[in-house]
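Participant: First to last, the protein sequences are chains A and B. All residue numbers for the first sequence refer to numbering that gives the first Met the number 0, where the first residue is 0 and numbers rise by one. All residue numbers for the second sequence refer to numbering that gives the first Met the number 0, where the first residue is 0 and numbers rise by one.
If you are wondering where the hints come from, they were derived from the structure by calculation, not from laboratory data. Quick caveat, the model's predicted, so the values are computed rather than measured. Careful: at least some of the hints might be erroneous.
The list makes no distinction among identical chains, and a pair is therefore deemed to hold if it is satisfied within one copy or across any two copies.
As the list claims (entries may be wrong) - Below, a list of computed lysine-lysine pairs in the BS3-like style, where the Cα atoms sit at most 30 angstroms apart:
#1 Lys206 to Lys13
#2 Lys409 to Lys4
#3 Lys454 to Lys206
#4 Lys300 to Lys13
#5 Lys300 to Lys409
#6 Lys35 to Lys409
#7 Lys35 to Lys449
There are 2 protein chains.
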Amino acid sequence: MDESKTRAERIALKTRRKQRMVRVAMGQEKADLVLKNATYVNVFSEELCRGDIAVVGGLVVGMGEYSGLQEVDVSGRIVAPGFLDAHIHLESSLVSPYSFARAVVPHGTTTVITDPHEIANVCGVGGIDYMMSASEGLPVDVHFMLPSCVPAMPFDENGERLTWRDINAYFDHPRVLGLAEMMNYPGIISGDRTTIEKIVVSQAHHKKIDGHAPGLSGHALDAYISAGVYSDHECDSFENALEKLRKGQFIMIREGTAAQNLEALMPLLTPRYASRCMFCTDDKHPYDLLHRGHIDAIVRKAIRLGADPILTIKVASHNAARYFLLNNKGAIAPGYLADFAVLDDLERVNVQMVFKRGVCVYDGRTVQAREPEIDPDILSVVSDTFHLPELTPSRLRAGETMPLMGLIPKSIVTRNLGTASGVNPAEDILKLVVCERHHSTGHVGVCYVKGYGLKRGAIAASIAHDSHNIIACGVTDEDICAAVNRIRALRGGITVADGGQVVAELPLPVGGLFTNEPLEKVNEQLENCKRRAYDMGVTEGVDPFMTMSFTSLCVIPSLRLTTQGVFDVDGLTFL
Amino acid sequence: MDESKTRAERIALKTRRKQRMVRVAMGQEKADLVLKNATYVNVFSEELCRGDIAVVGGLVVGMGEYSGLQEVDVSGRIVAPGFLDAHIHLESSLVSPYSFARAVVPHGTTTVITDPHEIANVCGVGGIDYMMSASEGLPVDVHFMLPSCVPAMPFDENGERLTWRDINAYFDHPRVLGLAEMMNYPGIISGDRTTIEKIVVSQAHHKKIDGHAPGLSGHALDAYISAGVYSDHECDSFENALEKLRKGQFIMIREGTAAQNLEALMPLLTPRYASRCMFCTDDKHPYDLLHRGHIDAIVRKAIRLGADPILTIKVASHNAARYFLLNNKGAIAPGYLADFAVLDDLERVNVQMVFKRGVCVYDGRTVQAREPEIDPDILSVVSDTFHLPELTPSRLRAGETMPLMGLIPKSIVTRNLGTASGVNPAEDILKLVVCERHHSTGHVGVCYVKGYGLKRGAIAASIAHDSHNIIACGVTDEDICAAVNRIRALRGGITVADGGQVVAELPLPVGGLFTNEPLEKVNEQLENCKRRAYDMGVTEGVDPFMTMSFTSLCVIPSLRLTTQGVFDVDGLTFL
């Protein structure tokens, strides 16, 4: 509502809007839009219903026989409520919210709930401010869960630290729905005060708290849920999901680029359990978004695996809306937002048209989206995030004996392989480097890595979970420096160096994490970088950038490289 | 939370509480209470689960193996979440919230959502203040929906009128959940501004709006729901309920004293529809409460009629909690309130023990309840509601020709029988009188009535929907005056007069609607009054007080008697 109006004026305005809705619903006035001859998914009675759908002021007002100023005949198709992604880090798409929205609207997505965890690790609340500004007025509603674990570990050298006092100011924003995935479950179950405080603050605002507790079970799970964690998206077996569901958590069935749990969790997509479930992607990378889709891809896969189509669409739309108390979303009924995905049928589930608040934003060819204007002060915060000296080979500890980290194909878990005394491409022993880039500390962590496969040159990225320092892996110190220094010059990106030259790159100027370019262009540049990386020897089954980006995340076993050296996750010590 | 504390202090306090919950859940400390060897209803997975239930600070923290400072062995029994009544007018029990709570705790009720519509018609916001004070700290949580239609009709001479500005101040009270049954559906669908404003205000506070729209269908139902009405408790056929459910309303299946819809709505108690349904009683009279029960009686009846017991208990507990966003109620799981009904089994559904916030409030014999202290200023408002002159026979228009209202046994609908010219007990033509009692206007409405059956004397009551003036029906003007004047002296009640003397009475000193006496005593007095009334000739199938009390409610066809004369509901005019 317009803040310049008095309360009484706002009530009068809303009352006039309602009066118009009533007149249209009664058939006394024409609707703004009518979808004629619709066959639509009724999530309440779990069936297909038929009728014209009348829309006024962006809201559905009636189903039956209606006429409208604009009429769209949808006979022969299926109208579903627009899809919701219950948990995503938009940064993982490598594009801005604007480019993301343009990419997912054709897949029927009309709402996403994002956790701006990555950019908050770089820019703190400035990153949250940016994401909020950059997601205003898009054809996809972007709601926020506030990052709960920034930094991921207390010793991490990230850009900013967020306490409950930092996030507290954001709970009153109308698009903030709660506290994002509470990854620090060891903190919760050990009763850590500063961790539990964040939950208490979110509850004091009557907001949701999402969970992240892979494999947690028994008393520890009871303790974690008791503390106030209402959902989980880390279930990879039906047994673990069922335990969490029985103890009251909502289950977000995750199908992202890195982790895909739908197949294991198919027994949840049955009448007994489905009302406690929703879909999420967590992380979606450009190629995957472009070529497989978004929530629609999960719907297709679930139906292919045998789930009931109506139930599946309800899980994809209504259930997340109910969980997040988005009470006018996720259904086609009077009073609900006119967010629709028009599908060809319930087998192929191809999205043919998309309506957002009663406006056609995708007609099978073009996507309607206006780019948000962002305050220059906010923009400058996310555009100036590289503060580090130029990297020189002297910092890279040539020839020293250092720990050796072992990569495992198709996994982000690593092994402790003891030590090595130098790079040896013949034995696949390479140098791994993490350069602190937020506060010009000059800290550089170095170790050896086995399993990456590179035979020459170096690869670097400013995406390195969760602190997003610059990470690089290479054969020669010269190429490592070239790759890292190019990222410094670009103020973010992914680079491939060979023979002392950068031979491929993807600039990521927003926080060093993503760009405002269209997804298609980003995908092309990224695929080019990947091709170069594989040409230079990177092992099949290892994603040259994604696998590397997780080698600095100190919550996954066994060894991790930080700006301060190698951390042994099993022993919780620096080596 | 304690208002005297700073925000930071409150967060610190809640954090310490959570830390204790975590320690108990982890098994590191003893719980306050453990229900040992429980078989409990899991509303999430819709099954019976087994384990000890650990409780700390009134909240469940874990299910499994636990030990506690207090342990109660519940082996062989079924632990269900406490029951919720989704819609009731507490005044209809004829007792105060304290006496009501004592009466329903043994039936497993732990939460009711009340609409203080009756007392608001008498005392306005003073009546709401009283109900809030009088329901503090009871073993049954009393939540409020704010009366939406006071008075019922614009011309009604009730005690106070409530505009949106009057109710607006109450939305911030933690026990206020929204706007109560919007009975004025003609106002909504005709776009009446002052009616729609109340919905807009409730929505601005993110609150619920309950409906009341018997038989509404098609475009008119779309319009009513579009305006923002989320539920209905007036469905008496599966077809009407299904139309409302399909259009997004939650269905409250009503089983009260006057209206019983469960049998007709049994098809809703199936997996496809049950998640959109809950139970309510609307009105429960003393005899019915004492001898049949409360929500437990609905559960028993549903199971007897073939509903699945687990699903039925979920409808009786979890679903209303979810609808009203009482997110820590209606389930047995970590973080939920320890509100339990311990049942003998799932066939007989006899309540054997009841726990409220982890305290045993009913052990099969005694009920634990502390009487709330009520501010004398608030008490004086509801104790001084009779402002009318003494009634004399000269006001009763002896021998005049006046309209004749026809009663129908077992119905509150009346017929227009033309006119009569005098009382004639032989032909069952009696005098019906309504005396304005709020503002000393001296208005007295008089007409004749057929079908009541009284052969001598008179009967009077200060319960007369919805304005609650004094209503009386009698053979002689002398007895009518005696019965009415005794109510005036008692400051509220029900009276039976015979031969110029009051021969039976039930004092109702709170707003003229109810009393603070125990339900058993009230029931005894009321049954005594009824016996007298039947002895004096009242027709079988007519409730001497309830049937009479509805003859003044101008929203039910055909004739109604007001303080200003006979109103023709069909023609919307005074005769």
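Participant: Go through the copies and call it for Lys409 and Lys4: within, between, both or neither, with a Cα cutoff of 30 angstroms.
Facilitator: So Lys409 and Lys4 fail the 30 angstroms test inside a copy (56 angstroms) and across (53 angstroms) alike.
Participant: Evaluate Lys300 and Lys13 at a C-alpha cut-off of 30 angstroms and name the case that applies: within, between, both or neither.
Facilitator: neither (42 angstroms within a copy, 43 angstroms between copies)
Participant: Cα distance capped at 30 angstroms. Does Lys300 pair with Lys409 within a copy, between copies, both, or neither?
Facilitator: For Lys300 and Lys409, only the intra-copy Cα distance (21 angstroms) is at most 30 angstroms; the inter-copy one is 57 angstroms.
Participant: Within, between, both or neither: how does the pair Lys206, Lys13 come out at a Cα-Cα threshold of 30 angstroms?
Facilitator: both (25 angstroms within a copy, 16 angstroms between copies)
Participant: Between the shortest in-copy and the shortest cross-copy C-alpha distance, which are at most 30 angstroms for Lys454 and Lys206: within, between, both, or neither?
Facilitator: neither (51 angstroms within a copy, 63 angstroms between copies)
Participant: At most 30 angstroms between CA atoms: does that hold for Lys35 and Lys409 within a copy, between copies, both, or neither?
Facilitator: neither (48 angstroms within a copy, 46 angstroms between copies)
Participant: Using 30 angstroms as the alpha-carbon threshold, which applies to Lys35 and Lys449: within, between, both, or neither?
Facilitator: neither (61 angstroms within a copy, 54 angstroms between copies)
Violated hints, listed in ascending order, are 2, 3, 4, 6 and 7; each of the other numbered hints is respected by the structure.
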